[in-house]
Structures are given as structure tokens and as C-alpha cells.
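Those protein sequence lines, which keep their order, are chains H and B.
Just so we're aligned: 311 in the numbering used here is position 235 of the first sequence, and the numbers increase by one with no gaps anywhere.
Just so we're aligned: 198 in the numbering used here is position 148 of the second sequence, and the numbers increase by one with no gaps anywhere.
A portion of the hints provided could be inaccurate.
[Said to hold, decoys possible] Calculated pairs, PhoX-like style, for lysine-lysine (alpha carbon to alpha carbon, straight line, at most 20 Å):
#, chain 1, residue 1, chain 2, residue 2
1, H, Lys121, B, Lys600
2, B, Lys426, H, Lys122
3, B, Lys512, B, Lys644
4, B, Lys666, B, Lys209
5, B, Lys617, B, Lys600
6, H, Lys98, H, Lys121
It is worth saying that the hints were derived from the structure and are not from the lab.
For reference, the chains in residue letters:
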Amino acid sequence: MLSVILIILAGIFFTGIVIRTKSIASGRKGPGLLQPIKDVIRLFKKGSVYSETTSFIFQIAPTIYFSSIIMAMLVVPFGQSKGLISFNGDFIFFAYVLALGKFFSIISALDTGSSFEGMGASREALYSMFAEPAFFILMGSLAILTGFSSFQEIFSALHLGSYVSYAIATLATFVLLMVAMVENSRMPIDDPKTHLELTMVHEVMILDNSGFDLGLILTAGYLKFAIFGALIFNLFVGMVSYQYAIPLFFAIEAFMAVLVGLIESFMARFRMSHNAQFIVALTSVALLIFFGVLLVSGKFL
Amino acid sequence: MNAVIIFIVVLVLTIFLVPFLNVKWKGIVLLTAIAINTMISGNIAILTLIGQTFDYALSGSWSTGPIHLHIDALSGWFMLIINFVFLTGGFYGFSYMKAYRNQKSNLSIHAIAFILCYSALISLSVIQNSMVFLIAWEIMALSAFLLVIFEHEKVMTIKAGINYLIQSHISIVFLMLGFIWMAYRTGSYDFSAISAYTASHNSANSLVLFICFFIGFAIKAGFVPFHSWLPYAHPAAPSHISGIMSGVIIKIGIFGILRMLMIINTDYTYVGYFILVISGFSGLYGVMLAILQHNLKKLLAYHSIENIGIIGIGIGVGCIGLGNNNLILASLGFAGALLHTLNHALFKSLLFYATGNVYQAVHTLNIEHLGGLIKKMPQTAALFLISAIAICGIPPFNGFISEFIIYTGLYQSLQDATLVSLILIIFSILGLVVIGGLALFCFTKAFGIVFLGNERSKLPEKIKEVPFIQLIPLYLITILILMIGIFPDLFMNLLLEPTGLLAGKKVISTSVFPVTTIIAMQEISWATWLFILVALLVFVIRNLVMNHRKVETLSTWGCGYSVPSSKLQYTAGSFVRTYSKLYGSILLTYRKEKEISGIFPTSGHYESHPYDKIEKWLVDKPIKAYKSLMGKFLFLQNGKLQIYILYGIIFIILTISIPLIYEKLFLFIDFLKQL
């Protein structure tokens, strides 16, 4: 339960911090930290425009996308306190319930019959497919390392002892961060601030959404980032007591948001054709972690 | 014993009755017969799932020896799947075949082949005599052939049918090889003799025997590289037959493999490695080709190969568990495989029936021509969507449950494994994840292009939903899909017996599954309910809020262009373009294009035909080489009767003279030796 509240709190500020960092980096003052939330509240108050091409899929898809993110949020633990849903193999549920949301956001993009949105749907489907293997191999490696197979048990049993395990943790952070970037359609895979439909991935899929539905999709996006931040937090802080863990959680989330902002300020998005290669490289890094874990646990001998 | 007799009597009566009835009654009698036999066999099958076994001994004839029927939980599980799929398939076919009402004699053959195929499948799951098993196998193969070529006036259909016929006979050759070998060694046709023989001989011997059977059954099941008949046969058959073929006929191959695993005592670890590699490859290859297909049924056929791969991964994990004496691993692997067998039978038959509805409405299966069907056929679209989500293994439907169990098995086996199996297992996980991702890619394409957007070509004017009676079987399947997704722990209980049987645990005092998995199933059940609740809540709030807001309907955003034509939409080809470029080296696509060029441009066109690289190298090239070799002897067949008579005379002379020459040759050699 604690993790849910903390993730929601972090989600409120996360995107604000990213936007603020980008503003400062480009020499502007930038909007307030709560501006994204104000945008969402404004959207909730607005009416909607629906395309005449769309069907009921387009009506239910934002709801299901949002609910899938909520379900994923319930699985994530906080330190030694379990998530609301916790069982052996819950990370499989986590990944697959996110896939459900993705499925619906893709078909809702196709529902509009727009070629732009079809393009975005195709790219989103392809890219997210490449990010998942890295996540599963990472979890598999951690499962070998700790001997457990649920989020909470893995994270609380994770001890960073030797030098090799520091290397593993660094690589794991990199993988998780990059998976978060792919899943949230951020730089270097996708640029949320691009203004040409042809170069968008995620943004172009929601071109026709408006009003309450768009608000749901945006909120889901904020939460999704905070969820991955929480996972990275868990990687480092397994068994710290709450009075240290909670400030640390916000510190890590804020650090991650600033990092994302900086990456987006100083890096250009990859060429579309390079994205696939990049994401395959991510899987290779995950495999590297796997072999590192084999080394640590002495299975290589 | 009575049950067996009634079963056969009903079968024989139906076969003799059907030709003399009018078209409507053919269907009714057929369905009634299948319903009666379903009740008989289903009753026994359910009893086996709670721990009973049934043994019948038929006297047989001098050529077969005594025929032993043995119904255990494994047979029971497959019998239930066969019964359910044939019942719903027959029901669906009853409505689907109304369009062919005037082909009276053709329908008679179809009905007879239908019940023969059903009975053969049921008997295959109980027969313990290799000779009779092969006969039933042949009946099954031939009747399935007749079912496939219902529209035999089409060239493509008859070609696909013959392709299937040939390949299923290659499968029989391998099975015969195995059975003859065993009959020669043991002098008995009974399966228990094989079991005894392999237990007392070295494992290399039984490994070869197992591989022989595996190839035979794998051709039926559609493992890569033995799959090339499958993508032809499925699209050629009428939709209810495609559903049944994909749902159960290929599953009998899985049954065979599982049965052989129980009978043959061998080194299960190596068998596990072998199955794991071939299955991972099948799964990946199947889905990779599925994405490229333009024909909806062909796309589904390649997905059958993919799902056979997933089932195989489960079996592989189970075998590794058996080899390492790890009961938990074995039970998780086999349970996942068995449950996925059921799940695939459900969602794949549902997908094929929904596709059948689409075909009846628009008379084409080329997805590039379709679009926007959701508005005209909302129920079919919703059913297709549910099965599409289920086949991607996404919660809250049944596909997730079986894939979850296989995943749990894989992750469980990471804990205590040797280096070789660790690497194999991590690549199996990788394979399973990529298969899932690609399946999502494929089914968003299939559903999105067929049902969403606007129609991409001129479709018939009046497209309407099929009558409700035709949708009933589809809803029945949907209920079961939802049940497995929402109450997985219920179905885990049903799986206890067959899994225990395969995992080699005879005593059923405690559960064969680890407690954590049972808990996980309950948690998933809760999570599913919670998900439904959250989604409903959000949706209700959304609708309440929206009631007070202004809602408009306008055209889709076209970047400022307000009259976009439906031709501007994304097509299936464009949806997969990045993908096909990415994997261009593995895949094989024949393209024909004419660019638009010049100052006064004329029309251009673009065609692409995905093809199977393995089929090209493994089937087409050898056949071409064989043909060119045989072509060298073409001069012999010159159509002149006199010369043919001459061949006959030469043959007779040779048969008489060869022994004589042979004798003389010996004399000559002796003479040489004496020198």
C-alpha cells in the first residue's frame, strides 16, 4: 500500500521535474512543477471530439490502458513492504499487464484509420517488443542471484557484496532505466516534444484522443515513469528502514527525472532505423548481466 | 465395455444413415451422434481426471493380437479437449455449411469424414496396440484429408489437400518404423511391451526410438521444420475444419509425444534439451512468418506452429525436470504444456470461427482488402479481439495462465541447474518473451487492419452480422476462455492427475504443484477481479463525467487535410514494413513492383508474397532435384504400347534369367578361386 501512495506522489512531480530541467538547460525559466497535473485537470474538465471512423475500441482503450498501469503499480513493492499483489513470478504479471495496456493503445490508434496513427502504432508495437526481453533476462538473473522469484523477495534479498555485484547493479540500473525510456517513449527512442507527425512514435498514437480520455492517457504516462523509478529504487534500497527509505525514494525519483531531462536536453533522438539496433543492444547488456551473475554464483565452474 | 460398444455402434449407424437423409437432417444426425459419443467418452474422461483409470481388452483378430484399451488421465484430458472442440466445431459447421446446401453428396462425405475423424481421434487417445493405433492414425489422416478438400473444385484446395496427404504419410512412415522395430524386438504389438523393452535396454537405443516417434508425431503437430503442410491445409479447409485441425488434430501429435514420453524409458534430460531447442525454434519461426501473411487463415496457421512451439517448451522443461528427478520442475512444465494445449484449442478455434464469419460476410480473407468490419459485425469483432488477446498470452484471459506456468517452470529451473541447461533455459525465456512480443505485433495488425478503420477496398454492399445461432458456439468457447483466465486455480485442480501421471508421481496424497504456484494462481485470480473492478470503476467515472461535457463527432485528424480517402490508411503491409526490413535476411518475400515514373505517370503496382525459407530449402529444392533426376528417365515413358509390352517381356526375361546368371557367376568365381 505504501508503494502505491509513494508512486502516486512521485508521479505528480516527476514529469514536472523533467520539463523544468529541460527548460533550465535551454536557458528558460519553465513552468511550475505541478503544471503537468494542472494540464490533466484541465483536460478532465474539457469536452471531447471523436472521429467518425472510430468504434467502441477507441472509447474503452484509454480506460483499459490506465487500469493496466494501475495494476502494474500495485505489483511494485517498496523496500521490505510488499506490493498489494505479490506472488512468485509477479514480475511476469507486471510485464504482461503492461502489454495489455499496450495492446489496447495500439489498436485504438488503428481504430482512427489515420495513416499517422497507424505508423505510430507499428513503431510502438515493434519497439516495445524489443525492450521486454531485456527486462525478463534481468529478472531471471536477479532470480538466480537471490534464489527467489517475486519482486519483493528478490529486492529484499539482493545484497551488494563483491565488486562484480556492483558492476551487475550498475548494468541493471542502466537496463531498467533504458527499459523505462522505451516503455515511456522518451529519448533516445522517441521524442515527446517533436512537432512533426512523421517523427513521432507515442505522441502520434494519441493524436485523436481528447478531453477525459487524453487526461487518462497522460496520467498513466506520469505513473508509468514513477513505477520504473520505484523499481530502480528497490534495486538499491532493499532493507533500509522507512525513515531513510522514504526520503531516499524521492531523492532517487527526482535524480532520475533530472537525468531524463538532461538526456533529453543534450541528446538528439536516434534515427528510426537505429532504434531497433539500440534496443537489441539492450538485450545484450541484459545477457551480460546474466553471465555476470553466473560468475558470481559460481555456476561457471 | 458397454461404453466402447455403444460408441462404435453410434459411429457405424451414423455412417450408414447420413447418406440417405436430406441436408438438414444430415447435420442434425451428425451432431446428435457426436453429442451422444461425447457424453459417453466425456463421462469416462472426467472420471479419469479425479483419479480413476479404465482398462478394456478387446479380443482383436489374428493380425492385431489382443487390443488393449487404457484410459488414464492423459487420455482423459485430450478426450475432453477433442470432445469440446468437435462439439462446438460441429455446431458452428452446421450453420457455416448452410451456404453449401446444394452440394448434397459432397456434404454426405463431409459428414462421414467428420465423425470418422472424431472417432479416430478419440480412439487414438486410448488404444494401446501399435497395429490398431496405426490403423486409427491412418483413418484420422484420410478423413482429415477429406474434410480439408471439401471445396475440391478449387485447384489451391486440392493442392493443399494432397500436400497434407503426402506429409501425413511421411509421418506414418516414421511411426511405422518405430512400431515395426519394437514389434520385431519384442514380438508383441502392445505398448507395455515397448515400455518393458526400453526399460531393460540401454538408453541410446531408446533415444533413437524416441526421436523416430518424435519426428512422426512432430510432422502431425507441425514442429518446424516439419510444418510446411500446415499453412496450406488450414486456409484451404472450411473454417470449422480449420478450427478443428488447429484445435485438436495437430494436438494429437502432442498427445503422441507425451504418450511416448510415458512409455519409453530414456535419458529424459537430453530429450528435454532436444525438445526445448526444436520448440523454441518452432515458436519463433512460426510467429515470425505469421506477421508477414496477408491471408488471415494462413496467418492463424503460422500461429498454430508458434503455439505448438510454446507447448513444446513446456514439454521440454518437464523432461528436464524428469531427467533431474525434480518433481516440481517436471510438474510445472507438463502442466503448462497440457493447459496450453487446451487453451490453444480454445482460442485458436474461436479465431478460426470468427474468421469464418468474416469470410461469409465479405468472401475474401486478404486482410489488405478489409477494414472497418467492427461497425458491421460488432459481435464477431469482439470475439476475435478476446481470442487475439488470449493468444498473445495477456491477462485476464487463459493464454496468460499457461504461459505463466511455463515461465514459472523456467524460472524455477534456473535455481539449480547445470551450465548447459542454464544457458538453454535463459534462451528459452528469451524466446518465449520474443514470441509474446511478436504475437502482440501480429495480432494488433490482424485485428486492427481487419476490423478497425475504414474498408480498404470495395466490399460487398450488405455486410451483416451472422445469425445468432452461428455465434452460440463462439460464445461457449469464450466462456471457457474467461473461466480459465479468472479461475485458474480451478483448472489447476483438474490438471493434477494428468500432470502427476507425466511427472511420474503415482501417489496423489499431496499436490504435485509447489504451494507457491497454487498461491500465485489464487493471487492472479484476485488480481484479475481487481483489474476488472478498476477498469469498470474508471469507465463508469469517465462516462459520468462525459455526460456533462460536450461530445462532438468529426473526421479523423488528417494533418489539416479534411477529406482523407480510405486509401490513405495504414495497410497490413505498411504496418509490418519496418519489421520485414529488420529481419529481411531471415525471411523470404517475393516482390513484384512497378514504380510510378515519368512526366505523365502511368499506374504503378506493388505485390508481395511472403514465402517460407525452410520450405524452399527442405521441400522445394529436394523435390526439384529429384524431379530433374527422374526427368532423365523420361524417355522410357514414351506412350507407345508396343514398347511398354517390350518392357514387360524384358522384365519377365530378367526375372527368370537373373538367378541363372547368378548361379553361373558363382561357378565362375569358384573356378577363378581354384586357379
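Checking against the hints above, which ones are violated?
Hints 2, 3, 5, 6 contradicted; others consistent.
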